[in-house]
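Put together the whole structure using the sequences plus the hints.
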Amino acid sequence: MSEYKPLNKKQIAWRAAQDITDGSIINLGIGMPTLISNYVNPDIEVIYHTENGMLGMGPAPSKGCEDFYLQNASKELVTIVKGGSFFDSALSFSIMRGGHLDMVFLGSFQVSEEGDIANWSTGDNMLVPSVGGAMDLVVGCNDVRILMNHCTKDNKPRILKRCSYPLTAKRGARRIYTDLAVIDVTSNGLLVREIVECLDFEKLQNLTEANLILDKNWKILKAPNI
Amino acid sequence: MSEYKPLNKKQIAWRAAQDITDGSIINLGIGMPTLISNYVNPDIEVIYHTENGMLGMGPAPSKGCEDFYLQNASKELVTIVKGGSFFDSALSFSIMRGGHLDMVFLGSFQVSEEGDIANWSTGDNMLVPSVGGAMDLVVGCNDVRILMNHCTKDNKPRILKRCSYPLTAKRGARRIYTDLAVIDVTSNGLLVREIVECLDFEKLQNLTEANLILDKNWKILKAPNI
Amino acid sequence: MINKCIYKTRDIKKGIKSGSTILVGGFGECGVPLELIDALIESDITDLAIASNNAGVADRGVAKLLKAGKVKKIIGSYPRSIDSYVVEELYKKNLIKLEIVPQGTFVERIRAAGAGLGGFYTPVGVGTMLAEGKEAKIIDGKEYILEKPLKGDVALIKAYKADRWGNLIYKKTARNFNPIMATAADLVIAEVDEIVELGELNPEEIVTPGVFIDRVYQCKKNYDDLLHNIYVSRHRNN
Amino acid sequence: MINKCIYKTRDIKKGIKSGSTILVGGFGECGVPLELIDALIESDITDLAIASNNAGVADRGVAKLLKAGKVKKIIGSYPRSIDSYVVEELYKKNLIKLEIVPQGTFVERIRAAGAGLGGFYTPVGVGTMLAEGKEAKIIDGKEYILEKPLKGDVALIKAYKADRWGNLIYKKTARNFNPIMATAADLVIAEVDEIVELGELNPEEIVTPGVFIDRVYQCKKNYDDLLHNIYVSRHRNN
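Keeping their order, the protein sequence lines are chains P, E, G and U. Read in our numbering, the first sequence has 128 at position 128, and its numbers run on one by one without any break. All you need for our numbering is the position in the second sequence, starting with 1, plus 226. All you need for our numbering is the position in the third sequence, starting with 1, plus 452. All you need for our numbering is the position in the fourth sequence, starting with 1, plus 690.
The set of hints was computed from the structure by calculation and includes no laboratory data. Hints may be right or wrong, so weigh each one.
[Unchecked claim] No farther apart than 27 Å at their CA atoms in a straight line, the calculated lysine-lysine pairs in the DSS-like style are these:
1. G:Lys586 to E:Lys301
2. G:Lys600 to P:Lys170
3. G:Lys589 to G:Lys460
4. P:Lys153 to P:Lys9
5. G:Lys594 to E:Lys396
6. U:Lys824 to G:Lys600
7. G:Lys586 to U:Lys832
8. E:Lys396 to G:Lys516
9. U:Lys911 to G:Lys594
10. E:Lys387 to G:Lys594
11. P:Lys170 to U:Lys838
12. G:Lys589 to U:Lys838
13. E:Lys301 to G:Lys516
14. P:Lys75 to U:Lys757
15. P:Lys222 to P:Lys156
16. U:Lys911 to P:Lys75
17. G:Lys589 to U:Lys911
18. P:Lys170 to P:Lys9
19. U:Lys910 to P:Lys75
20. U:Lys754 to P:Lys75
21. E:Lys396 to U:Lys838
Written out as structure tokens, the structure is:
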């Protein structure tokens, strides 16, 4: 039996992008999620929200078209597409907290089997605490999806019975995309929908602290070479 | 001793207008207060707020310049002056409740000796109850001034120990302009600043249920013939 | 492709159920979605709770809906008007429930629903009969009452221009409650004077981003001229 | 006549006292009133509580104020940045207090202060360490925490254009917290790129009506070009 091959960050983002439907209004968190927009079906129309006050965020500007006044929540230069709009932070967070986003994709340190998310702090007291809009994003949206490696660099599980890091929100996550699997958070527990080729369920469970359930219609998790 | 002469509505409005200073941001309630703008010193700049969503409300439009889309809170056609702006009702009431108006002039049925205002309901159960922005206007502003006749049509006092009609707000009024007097609501009680000519303090007290105090520097209440 | 524009009048009522709470925009008669109201009247939807600052004038707007027997409850601040005989008759005959809310509280409750808040403390109404039955709280020495969010199943709003994403701008004092109601219902339908191409509305000037809007319907009747004439002749007679 | 424009840099600091709570606009480095901050640094005003979403980058903006030793406390959501060495050093040496608030709660608390509300219930933070010490309440079956208004003695904001009444419009994503902070302080000073004639700003497009603004100061330095160059070169190197 050959060795399984984890997805790289781009492939995880690609897989997440496949779940986005036409007309969706989406917020992409800092880190891996920002890669998602590169892989969305070009035939559909998706509206990106950035919490510093814009809907209709477009791709990074080409050389010569950069504008300091067009930034996203990661403080990167971006563009605005036709139909986009600017607004203040109160309205921007009303959009988030009020449930007006269709999908939110976030990175995370840890997720619990009940969908609790810990993505803003490792509890390191030497770091200046900074939460930003992480909690607002998770609380408002009914369809929060997490992108992260299945394990830490030293191979400790990130999908846990209970998060050990400070929580961002309880019961926030609906789906988790990792380098090894696609897992849904359901009322019955964590349901594994897809696993990378050559990785069996028992091995995946060994890499996961929380209990997993294998969906009877589970599939191979595939992504193009990117 | 000759008979005293009560002020008419225009004269009460004129007297109130004399207290408006340059640069004030003002809301004029329905009824007598709307007359005030006719008598404001033309050499000063005053900004009028209307709670349906405009600052910089101007006078009634001249013939041919009427615009259905330019209305005040009394649903009358108005104009907008240079520097005016439109906004939604949430911001409009934030302006009021948040204390951003300098002065509010309102009509009232009754005022109590502590400055309680009753100006939205006579308690008549056959009338459809309607409060509008009356409570918001009184609560937000530190300088609410009441314009009303000193007594009802059948000569009952309107300045009472306690209002008998449903309250708009407690301790709302700062100054009362009537057809007979100008009275300040102070922590010591109702201080009479001005009385119309030929009306003595005792007679004024007889027309008032609440206790009055005569200011030692009281003046004759005068207004031009209008 | 996103296209929120609907062109058929019969598509307005889709998904609206009897018994719904419906937010209806407008202050007095300015900024009221009259053609969306007509669509409700012509439907078999009934038993509605209408949240609207006013209750219509003469036979127009919300008054027309009341007269058609569609409304069981009005939530608003000022149902009375210079000619509000419809609501007055229903009220005297006890055929309608009224929930009277100070105007600023009314709009703030709607905003709270749209902003995902559970409620807020306001000083407005304290010590009055409109505070009866409401939780009171002293915060930093000042008395407040707790007000809860007011969410619509549906919001019917009026705007000036829209694009196919549902981005909206408004006209003068017809803005009023409309942008706030746009945020606070499961189904939000905007009646507009004009639909423009995507990109034609300046991103700095858009008041309601399309994210809040489900359907956009362009006016077909000429209610504006009718109202203009009524208001101008009243103005000239005063 | 109303004229809120001030022309002398020394007039910025008038009436600002040591120990004040100051709201400072901007998200990251976009929409920060850098010249107003400079005026504080050059003054003898100190011991400030600064409410600002971020805490400056490198030696710029709020970081410059921190470095000058003027700040005892930061209230915000994300003081860390790609180069926030100033706040990091102060934090490690325990020379500054930090109050960390979720970003939406931060702006909503400021809005509540400007809107005259006593507080609001939000679901954000429930079940997390940021809810510790805050009153919880179940409303309609859902858990919320009570958040109190955040009012400034002073607000320093950045806008694009102003007129002499203090009406303001903003530029793109530099709008962010500025219009909300404009409503929520006893003294509000706006730094703007350009002062225009009264009547030049379209009444439909004014974002902040002048009623909220006390002083308008037109930029004299060219911080914009500096920032543009920094951000463009970083962008091109990524």
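Verification of the hints:
| no. | hint | in the structure |
| --- | --- | --- |
| 1 | G:Lys586 to E:Lys301 | 31 Å, violated |
| 2 | G:Lys600 to P:Lys170 | 24 Å, holds |
| 3 | G:Lys589 to G:Lys460 | 50 Å, violated |
| 4 | P:Lys153 to P:Lys9 | 14 Å, holds |
| 5 | G:Lys594 to E:Lys396 | 13 Å, holds |
| 6 | U:Lys824 to G:Lys600 | 19 Å, holds |
| 7 | G:Lys586 to U:Lys832 | 19 Å, holds |
| 8 | E:Lys396 to G:Lys516 | 37 Å, violated |
| 9 | U:Lys911 to G:Lys594 | 44 Å, violated |
| 10 | E:Lys387 to G:Lys594 | 24 Å, holds |
| 11 | P:Lys170 to U:Lys838 | 23 Å, holds |
| 12 | G:Lys589 to U:Lys838 | 12 Å, holds |
| 13 | E:Lys301 to G:Lys516 | 19 Å, holds |
| 14 | P:Lys75 to U:Lys757 | 22 Å, holds |
| 15 | P:Lys222 to P:Lys156 | 24 Å, holds |
| 16 | U:Lys911 to P:Lys75 | 23 Å, holds |
| 17 | G:Lys589 to U:Lys911 | 48 Å, violated |
| 18 | P:Lys170 to P:Lys9 | 26 Å, holds |
| 19 | U:Lys910 to P:Lys75 | 25 Å, holds |
| 20 | U:Lys754 to P:Lys75 | 19 Å, holds |
| 21 | E:Lys396 to U:Lys838 | 24 Å, holds |
Comparing the model with each numbered hint stated earlier shows that hints 1, 3, 8, 9, 17 do not hold.
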